[in-house]
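J.: The residues making up each chain are set out below.
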Amino acid sequence: MRYLLRRVGFFLLTLWAALTLNFFLPHFMPGSPINTLRAQTKGRVSDAQLEQILTSFGYKPHENIFEQYIHYFGNMLTGNWGVSLGSSLGTPVSKLIGQALPWTLGLVGFTTVLAFLLGSLIGTIAAWRRGGIVDSVLPSVFVITSALPYFVVGLFLILFMTIDNTWLPSSGNYDTSIVPGFSPGFVGSIVKYAALPALTLLITSIGGWVLTMRNNMITTLAEDYIRMGRAKGLSDRKVMLNYAARNAFLPNLSGFAMSIGFVLTGAILVEKIFNYPGLGYQLYNAVNSIDYPMMQTLFMLFTVAVLGALLICDLVTVWLDPRTRAKG
Amino acid sequence: MRRSKSSLLAIAVSIGLAASACSSTKHTSDSSSGGSTAASSAGGASTGNASYKQGGSLTIANEQGQTWPCSFNPYNSSFNQESLGFIYEPLIYVNILQDAKETPMLASGYQWNADKTQITFTIRDGVKWSDGQPLTADDVAYTYNLMKQTPALDDYSLWSAAGLTSVTASGSQVTMTFKQNAQVYFYTFATLVGIIPKHVWSTGDAAAHPDTWTDPNPVGSGPYTVKCTPNNMEYKANADYWQPGKPYVSTLEYPAYLDNGPANQDLASGKAQWGSQFITGIKSFYLNKSQDNHTWSPPVLNVSVIPNLDPSHKATSQLGVRQAIAYAIDKAKVSAIGEDGQEPPANQTGVITPTFDKYNDAAAIAAAGYDKPDLTKAAADLATAGYSPSNPLNLTMISIQGYTDWDASIAVIKQDLKPLGINITESSLTNQTYFDKLYKGDFDLAYGSEPSAGPSPYTELRAWLHSANTAPLGQSAAAGNFERYKNPAVDSLLDQYATAGTEDQQVSLIKQVGAHMLQDLPIIPVTESADWFQYNTKNFGGWPTADNPYAQPAAFNYPDNEQVLLHLYYKPAQ
Chain A
1 MRYLLRRVGF FLLTLWAALT LNFFLPHFMP GSPINTLRAQ TKGRVSDAQL
51 EQILTSFGYK PHENIFEQYI HYFGNMLTGN WGVSLGSSLG TPVSKLIGQA
101 LPWTLGLVGF TTVLAFLLGS LIGTIAAWRR GGIVDSVLPS VFVITSALPY
151 FVVGLFLILF MTIDNTWLPS SGNYDTSIVP GFSPGFVGSI VKYAALPALT
201 LLITSIGGWV LTMRNNMITT LAEDYIRMGR AKGLSDRKVM LNYAARNAFL
251 PNLSGFAMSI GFVLTGAILV EKIFNYPGLG YQLYNAVNSI DYPMMQTLFM
301 LFTVAVLGAL LICDLVTVWL DPRTRAKG
Chain B
1 MRRSKSSLLA IAVSIGLAAS ACSSTKHTSD SSSGGSTAAS SAGGASTGNA
51 SYKQGGSLTI ANEQGQTWPC SFNPYNSSFN QESLGFIYEP LIYVNILQDA
101 KETPMLASGY QWNADKTQIT FTIRDGVKWS DGQPLTADDV AYTYNLMKQT
151 PALDDYSLWS AAGLTSVTAS GSQVTMTFKQ NAQVYFYTFA TLVGIIPKHV
201 WSTGDAAAHP DTWTDPNPVG SGPYTVKCTP NNMEYKANAD YWQPGKPYVS
251 TLEYPAYLDN GPANQDLASG KAQWGSQFIT GIKSFYLNKS QDNHTWSPPV
301 LNVSVIPNLD PSHKATSQLG VRQAIAYAID KAKVSAIGED GQEPPANQTG
351 VITPTFDKYN DAAAIAAAGY DKPDLTKAAA DLATAGYSPS NPLNLTMISI
401 QGYTDWDASI AVIKQDLKPL GINITESSLT NQTYFDKLYK GDFDLAYGSE
451 PSAGPSPYTE LRAWLHSANT APLGQSAAAG NFERYKNPAV DSLLDQYATA
501 GTEDQQVSLI KQVGAHMLQD LPIIPVTESA DWFQYNTKNF GGWPTADNPY
551 AQPAAFNYPD NEQVLLHLYY KPAQ
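Residue numbers (UniProt numbering), protein chains in the order written: chain A, 1 to 328; chain B, 1 to 574.
Any given hint could turn out to be false.
Output of the computed footprint for chain B on chain A, the stretches with three or more beta carbons under 8 Å from beta carbons of chain B [unchecked claim]:
id, segment
1, 54 to 68
2, 146 to 157
3, 176 to 184
4, 247 to 261
Beyond 12 Å from chain A on every Cβ pair, some chain B residues (computed) [said to hold, decoys possible]:
id, residue
5, LYS236
6, ASP259
7, SER269
8, GLN432
Hints were generated in silico from the structure; no laboratory data involved. Don't be surprised by glycine CBs; every beta carbon is placed ideally from N, CA and C.
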């Protein structure tokens, strides 16, 4: 119980520190929302007027920064996130996030789960057939792919798949000439448009899962209970999956819990490169246009997601494995 | 194991059922493919053009860098390019490209008083809002008075800077009274302001917060009505539009392009027909793809080398250095290499040609020697400032990251200046940092332009040169005089222009300002920036061209976009 309280206390402290940084760092950036609006109004509107416009949307440049900080904190906690001050001036932040969230969850969430499952499976097989073809080729390939920066992979895919050959679309989330709805064409179009960004994320993230799984598996295979299972005459598949993989899987599982936390942050560069209108893309836009409310809310969500996932992961591990409990 | 298998099967079956139950894929253009609704053939109301049958679906490719916010409040300067021209209309349209030629829109005419402090508009009869209610002089007066009531709506500072004191309606007349001669503000209040319906804006959310209201289902008098999703805006022809039979094109698709790449791709493939962003290597990428692909980008502004004139910047505040730069830069080469030939070379008086030819003083430019590069003069002038190849001058020029055409232009400028002994280092900054430095005067040289043009060179030259638009170093000179130029003679010329009685006077005043540009070189114009425009003539006709420049052609240029929309027609329906 004491351990639990300590974990939760630590979570709250980290959350406060992160939220404070999230407030102050954007305010130290050069530029102001006024610049964005001035460019959008083609310089026809005077600065005083621009400030007046922004003020009507809740921009308070002259308020004491600590007062702003207090308001910010209250607003973050109450979910009163305000309206965008950037390129979508006046649109509620919650609406913008609501529009972007499904796309990020769909693309990055799905890819993360897929990479995890596929990676673990390949790792299992590679370790089971140690020295076989799978084991000698795939792990070394994955060492290379997991070391590649994902934006480089994305750019190469765009080059080969959309410019040299026009197999797949390189930009956007669906074909805008199709009326959205639950129709085969629309769903197909979503899948088609998600293919390249998903492939990029898959290529670069699968390697980690394969390597950890393989190494865990090899250690586990040396355990006595594996020999026991074989001696009992169980089928190879049963020993591999139910005896070895099941135990070797645990460290991967906690890694997975952590990576789920990072799903929300999207993959900023991937979304930018493929113009995929998810949260990462929104963050990029918000930073570009010094959209304080949008930036603050997104940073807050990312922080909560990552810290929350870590906390849950901590708690689950403690529950699963008594050895990780602290003494006393 | 068995259980999970059967549940998988159940899921598979249910997906299959759902897929078969759901409707078939619908395309946005399906609804309009029927095309030609019977068009009445009443002669075009005001323009006197030939009349066409309605039909067709046109796709606009204008990169936004974001999905559509689906807000159409015409006062919200973030979104008004989505509503002005399409849905909301001005009183009078003024064409910058045709010597400020006027086309009456919601006002059928107007009358100034003698000293131009009062203007009376006659509001057109028989105009209806898209909800069927008639448009009256009351609506017009309401539009302007709302700006007084809620200053955040007064985008162009009509009630403060322009000196507007009252707007009243009586019968079909609307009278606006100003503190002083207001002729230079005509473009602003008559052309840039969209008229809104009083009966919609005086109730509910709109009345409570007209400044932050999103106006999601706009009611306007313009040629189109809109249905919006974040990925695409679909405009449908307004059946009750006051110019009978118009607009000829039934549907406009306006997808949200997040990047130039896909927008340009759609233009090249013919999927989109109206383009408004820069295409690198336009010949091979776009023009050669089809004989129906065309481009025409009329210049409206200068892109200049901006020297910092503040005395604390020792080199750039010296006339000799600026003269050397101006003489050495081969503007034709910058235009050809840096801008792909799409932006013509500029001239040192800052008057855009051919757009404002009337004001151009070619003889004065030639007499000053700025009509072609002259390295001998450049070297001599640089020597007066104490620099030479043996004692080189090192300067940094700031520009905007990602503006690849500017990078290429600066590379040419760098080459031109190097033999003289001026070494330029380009510093590419993010948008925000660039403008921060530009406004606060934290640069030696900057590459840049003013954001918008007016109906004559006056608007741009005033922004560049009037000392009211500048500020001490460290403070924001966002109004346009970034270089910190101060010359009482120029100020007085520009002030005289605002009240000049005749056109000849105005031309003469601009030429005198041009003479100061040649003498003082406060800025060094290099190329003329253009509003990018590409168009496909396979299915659509009526585009503005160099021979018939009836409006500025870029899709984001309001209220010019409305004029283009009223001219376009769908060829297969004819």
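J.: Determine for every hint whether it applies to the structure shown.
T.: Outcome of the hint check:
{"no.": "1", "hint": "54 to 68", "result": "holds (count 3)"}
{"no.": "2", "hint": "146 to 157", "result": "violated (count 0)"}
{"no.": "3", "hint": "176 to 184", "result": "holds (count 9)"}
{"no.": "4", "hint": "247 to 261", "result": "violated (count 0)"}
{"no.": "5", "hint": "LYS236", "result": "holds, 14 Å"}
{"no.": "6", "hint": "ASP259", "result": "violated, 5 Å"}
{"no.": "7", "hint": "SER269", "result": "violated, 9 Å"}
{"no.": "8", "hint": "GLN432", "result": "violated, 3 Å"}
When held up to the earlier numbered hints, the structure conflicts with 2, 4, 6, 7, 8 and fits the remainder.
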